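Undergrad: Below, each chain spelled out in residue letters.
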Amino acid sequence: MANVLELQGITKRFPGVLANDKIDIALREGKILALLGENGAGKSTLMNILYGLYKPDEGKIFVRGKEVEIHVPNDAIAQGIGMVHQHFMLVPVMTVTENVMLGVEPTKNGLFLDKEKVAQRIHDISNQYGLEVDPHAYIKDLPVGIQQRVEIIKVLYRNADILILDEPTAVLTPQEVEGLFKIIKTLIKAGKSIIFITHKLKEVLAVADDISVLRLGRMVGSIEPKKATPEKLASMMVGRDVSLVVQKQASKPKEAVLKVEKLFVRDERQNLTVQGVSFEVRKGEVLGVAGVQGNGQTQLVYALTGLLPVESGSIEMQGKTLHNATPRQILESGVAHIPEDRQRHGLILSFPIHDNMMLCTYYKDPFARGVSLQEKEIYNNAEALIKQFDVRTPNIYVNAGTLSGGNQQKVIVAREFSRPIELLIASQPTRGLDVGSIEYIHKQIIKKRDEGAGVLVVSSELDEILSLSDRIAVMYKGQIMDVLDAKKATKEDLGLLMAGIHLSTSAKKK
Amino acid sequence: MSDKASSKNKTTEKKTSEGIGGGSLGQALLVPVLAVITGLILGGIVMLATGSNPIQAYGALFAGAFGTPSTIIAGIQTYFATGDNADLVRSIYPFTESLVTATPYIFAGLSVALGFRAGLFNIGAEGQFFIGALCSAYVGYSIKDLPMIIHLPLAIGAGALGGAIWGMIPGYLKARFGAHEVVNTIMMNWIAFRLSDWLLTGPMQASNFRPVTPNVSASAELPRFFEDPLRFNLGFFLALLFAYIVYWFLFKTTLGFEVRSVGANPDAAKYAGMNIIKNFVLVMAFAGALAGLAGTAQVLGVDHWVGQGFSAGYGFDAIALALLGKSHPFGVVLAALLFGFLRSGATNMQSIAGIPVDIISIIQGLVIVFIAAPAIIRWLYRIKSLKVEETVLTRGWGK
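So the protein sequences, as listed, match chains V and H.
Numbered by the working numbering, the letters in the first sequence go through residues 1 to 510 in order.
Numbered by the working numbering, the letters in the second sequence go through residues 1 to 399 in order.
Among the hints, a few may not be true.
[Claimed, not checked] Computed Cβ-Cβ distance ranges for the label pairs, DEER-style:
#1 PHE316/H - VAL246/V: 41 to 51 Å
#2 VAL369/H - LEU18/V: 32 to 42 Å
#3 VAL183/H - GLU332/V: 35 to 45 Å
#4 PHE193/H - GLN270/V: 50 to 60 Å
#5 ASN271/V - THR201/H: 51 to 61 Å
#6 ILE165/H - LEU216/V: 55 to 65 Å
#7 GLN343/V - PHE316/H: 32 to 42 Å
#8 PHE177/H - PRO174/V: 36 to 46 Å
#9 PRO174/V - GLY365/H: 33 to 43 Å
#10 ASP365/V - ARG210/H: 55 to 65 Å
#11 ARG240/V - VAL183/H: 29 to 39 Å
[Said to hold, decoys possible] Below, simulated PhoX-like cross-link-like pairs (lysine-lysine); rule was C-alpha separation at most 20 Å, straight line:
#12 LYS144/H - LYS364/V
#13 LYS248/V - LYS31/V
#14 LYS31/V - LYS55/V
#15 LYS200/V - LYS31/V
#16 LYS376/V - LYS252/H
#17 LYS270/H - LYS364/V
#18 LYS278/H - LYS364/V
#19 LYS185/V - LYS202/V
#20 LYS259/V - LYS185/V
No lab work stands behind these hints: they were computed from the structure.
Treat the numbers as computed from the prediction; the structure is a model and nothing was measured.
Backbone N, C-alpha and C fix where the C-beta goes; we use that ideal spot for every residue, glycine too.
Please put together the full structure from these sequences, using the hints given.
TA: The following block contains the structure:
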């Protein structure tokens with residue numbers, strides 16, 4: 001079958017970095033090519049070149065056998081190439097129709113916007129590809145999965161038949177991922193060709209027709225999904241064998257370090273999102289909190305760490321009540337917090353690494369004497385931590401924002417683990433990270449457990465919950481459905497609980 | 001990136017933590033310097049278009065800002081030959097006058113820059129300037145027969161305190177009620193303007209004829225270094241001292257670390273256990289005090305009385321200075337010196353080359369446009385864009 005798109009010898013240099021080194025890829029017509037690679041492997045650079053956002057230093061691009069020059073995104077669109085970005089490019093206060101027509105507004109009588117015409121086309125596209133969406137809904141009211149559909153519709157509306165999906169599943173719940181895969185299959189049936197960028201191995205194996213793996217800006221190789229296994233792909237990506245399963249001993253839980261009783265929490269919009277949650281975390285164990293995102297896990301963690309006030313109920317740490325304590329009081333009582341959104345809460349991206357390494361302890365000895373910051377101590381601390389936690393950075397003086405996601409997360413882990421802690425609260429600790437970083441951070445969490453800390457891990461990735469936890473609590477609509485022993489828990493059971501079905505009632509139905 | 005290479009870098013890299021923009025000092029200064037040069041070139045084109053001679057004009061501007069080199073040399077020779085310093089003093093008059101003009105700019109620029117660092121937009125420097133000037137003037141003229149060592153610090157302190165209170169009110173309103181500081185500092189400006197109108201035509205009026213305060217006592221004046229007409233005084237060095245204090249506060253203390261954290265990422269600051277509300281009040285008070293000191297320096301060092309329209313828009317120019325100085329205290333000093341030289345030299349340019357002072361406003365405006373939109377300068381001079389985290393200036397409503 002003919003190649004609808006071919007890149008030959010693409011090379012792109014940034015100051016000090018060879019982002020793409022003579023990369024060749026080929027997309028067969030009507031097929032899905034998965035582009036796999038760790039963060040920083042050069043996937044996004046390559047796709048930005050294809051979409052006209054970067055200019056390659058060398059290399060050729062062929063569309064349907066003809067060499068083309070792509071200087072700006074409009075050239076790419078003219079060639080039928082459409083891109084769905086990882087971070088959506090939508091205007092929240094506008095409707096679906098308005099967002100879709102943005103940039104190619106059709107007019108009536110040369111003056112007035114013809115929204116009906118656009119809405120009708122959206123309707124047609126929706127029906128043709130199974131992309132159900134209300135053209136008149138406002139973007140801000142739509143869940144993330146639907147917003148992504150709007151992005152896909154935008155691309156189809158511009159008559160693209162080569163679609164680039166950049167990390168499309170990073171922001172989706174498991175159910176939404178299923179929905180996306182269905183849509184992808186419908187698109188393929190309709191004759192579209194798709195480049196699917198990801199670093200999630202199982203997804204690649206589930207949908208791809210061809211797999212190309214990038215590492216450090218180079219093409220490592222192509223492989224057929226039939227011949228690939230997750231382990232094989234992981235070692236191609238990372239360049240060494242990677243353990244996808246966390247190696248750990250049985251836990252030796254001791255007394256409870258954290259006790260939560262009938263906790264109620266309101267979110268920023270005053271919705272009661274945590275509704276009477278009770279549980280305890282014991283020293284030397286990992287309690288995993290599973291659940292589809294948006295079932296109150298975020299607010300639970302915010303309340304535990306002082307970022308949201310508690311409506312009612314109690315939080316007790318080793319006999320001390322901590323509800324409605326300030327974040328500082330909580331930190332000082334021995335809690336470490338790996339926040340869900342590392343760029344929002346965990347780091348100050350415009351600050352150098354050494355400042356981020358002491359973000360929570362800057363006022364204490366040895367970093368401060370009185371009000372005076374002790375720069376030498378701050379630098380020494382950062383130097384030691386980047387070595388100990390293998391943070392890949394040119395030095396400690398660069399801004400945290402210049403690091404890759406995995407290394408940013410390592411900075412947070414290094415900082416939080418560098419002080420004595422009784423309780424670790426880790427929220428989505430490996431979201432968006434590559435395989436190598438995930439392996440590393442999981443090891444560190446288990447190490448803290450073995451040192452005797454209590455660990456609370458909140459994650460919407462079931463694999464992560466299953467491999468880390470000793471006990472698993474499942475949250476649904478602000479409540480804990482059940483707490484299972486991790487050894488006996490199955491994905492099926494957890495899936496049912498995550499959907500709000502009690503195991504006893506489902507057993508009865510059987 | 002190999003580990004060996006990175007460890008080598010570690011030893012050679014210089015620290016850039018305070019980064020005026022993130023890169024090395026040269027990179028940080030590149031765009032502002034080019035912006036100024038481009039502004040002067042375009043200003044010259046405007047002069048040409050209006051039929052004036054830009055070379056003559058800039059010559060006069062330079063002489064007005066720095067003095068004429070030949071007269072200075074002649075002055076030095078006369079001084080060493082005869083011991084008579086009159087010529088020398090006259091020859092350095094333009095230069096010292098530029099520094100005098102720069103003094104309130106430094107203080108007011110520091111005020112706005114400090115606010116920017118905390119993510120606050122202090123548009124109220126103008127009002128704080130008035131309040132500071134009035135407080136200093138009041139303490140300066142109403143108290144008599146105090147030794148300078150007590151009276152002067154008292155008058156300076158009064159100006160700082162007045163400005164601090166004027167700044168703290170919007171800070172408190174933001175912290176307590178979430179009221180946006182832009183709106184409240186603007187309103188505080190109007191209160192300050194009308195309050196000063198009333199004070200100058202009523203309680204603080206010196207005589208029935210003019211709306212001005214009495215002259216401050218000699219013991220409250222900032223000492224001058226030369227005899228008249230040179231007005232160069234201690235205020236300039238006070239301004240430099242405060243630039244260093246602000247630098248030290250921002251980059252060397254835990255309080256400053258909190259301020260910068262709150263400004264750069266308030267969510268992370270909260271996560272790290274910082275008290276955001278306390279910081280808003282603290283920063284606005286400090287910023288108000290600095291703007292108040294701008295007024296103080298002007299009244300105690302230069303004019304010795306306050307009249308209506310006392311400020312030449314220092315508080316508003318301060319916003320431009322903070323931008324030009326990339327919200328870094330030393331950058332603000334450089335920017336303020338530039339404004340001082342331009343403003344002071346412009347008067348000479350007007351009298352010699354017949355070009356209105358307003359051309360300076362055009363040049364300043366151009367420089368500010370180029371600073372605010374560095375992409376223009378990068379494009380003009382084909383400078384590769386560096387990935388630099390810009391300082392957060394202010395954030396949206398209601399956050």
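Undergrad: For this structure, which hints from the list above don't hold up?
TA: 1, 4, 9, 11, 12, 13, 14, 20
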